[in-house]
Amino acid sequence: MDPLDSRLDLSFTYHFDKYSCVASMYTWHIFFAYVVGISGFLCFITRLVPSVMWAHLWLGKIYIFAMLGATATSLLIHNTGLPLGVIYSFVLVFLGILVGWTAITFHQQIMTRKALKLLELSDKKDFQTEFFRLKGQITAAKSFRERLLSLKTLHGLSMLVSWINIVGRIFVTPLRSDFECLTYPVYKQVDSTEFKGLNQPLTQVPVHNPNYNKQPWANREVGWMMMLLWGPVGAGLLFAIVYSKFVSPKTK
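Sequence positions in the sequence shown follow our numbering and run 311 to 562.
I should point out that these hints are in silico values taken from the structure, not numbers from a laboratory.
Straight-line C-alpha distance at most 25 Å; calculated PhoX-like pairs for lysine-lysine: (1) 462 / 424; (2) 445 / 424; (3) 424 / 452; (4) 371 / 445; (5) 452 / 462; (6) 462 / 445; (7) 328 / 506; (8) 371 / 462; (9) 452 / 427; (10) 328 / 524; (11) 524 / 506; (12) 427 / 445; (13) 462 / 427; (14) 498 / 328.
Please model the complete structure; the sequences and the hints are all you need to start from.
See below:
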């Protein structure tokens with residue numbers, strides 16, 4: 311029996327030489343989703359407690375890393391697809407991240423420029439301490455209107471939209487260890503470029519792609535991954551060596 315024939319196996323789904331579901335990925339997906347929920351919540355808390363405000367940046371990074379993990383694992387827990395409402399929710403998740411990250415990036419650039427301008431007028435020797443003190447001074451001097459209608463507020467609102475749409479999914483997604491890959495695809499009963507199904511009975515997608523050997527990674531998937539890893543790294547290092555040699559000051 312073909313070990314990749316998953317039609318009688320609930321631990322994975324494999325068809326046309328492609329994976330669409332691996333049951334073990336569900337546990338990792340839930341893990342990353344909870345990390346997203348917890349780190350997002352702590353991000354908001356750190357903005358209210360000055361003594362731990364330093365952790366806000368790192369918790370934000372954890373939020374993004376965990377979101378990437380949750381997204382990656384979601385690609386391998388496909389059974390019946392997503393309802394339209396959930397798709398809209400995920401659109402808000404990622405729009406919130408994009409707008410929130412862009413807003414805080416511009417905010418930080420503006421604050422840095424203002425602090426550096428004030429720093430030019432200062433005679434303090436401790437550059438780093440004075441720089442952050444001036445940034446705090448600029449923030450403290452902002453009016454109610456400046457605080458409310460700011461890029462920082464846009465950042466907070468956008469990230470709240472992103473976070474709340476993930477947390478909502480956590481509450482309705484069961485914690486379970488018996489997730490199953492319980493569906494298998496069939497061709498539609500219409501003629502298409504890949505399959506002539508008009509007036510034909512439902513036909514399962516075959517386990518193997520008859521043209522799989524024509525794929526560049528066929529039967530050497532690990533080698534293909536290594537090539538895509540070390541190929542760019544090697545080319546990038548070679549460029550870095552040449553560029554660094556060219557732009558570095560010439561020594562006598």
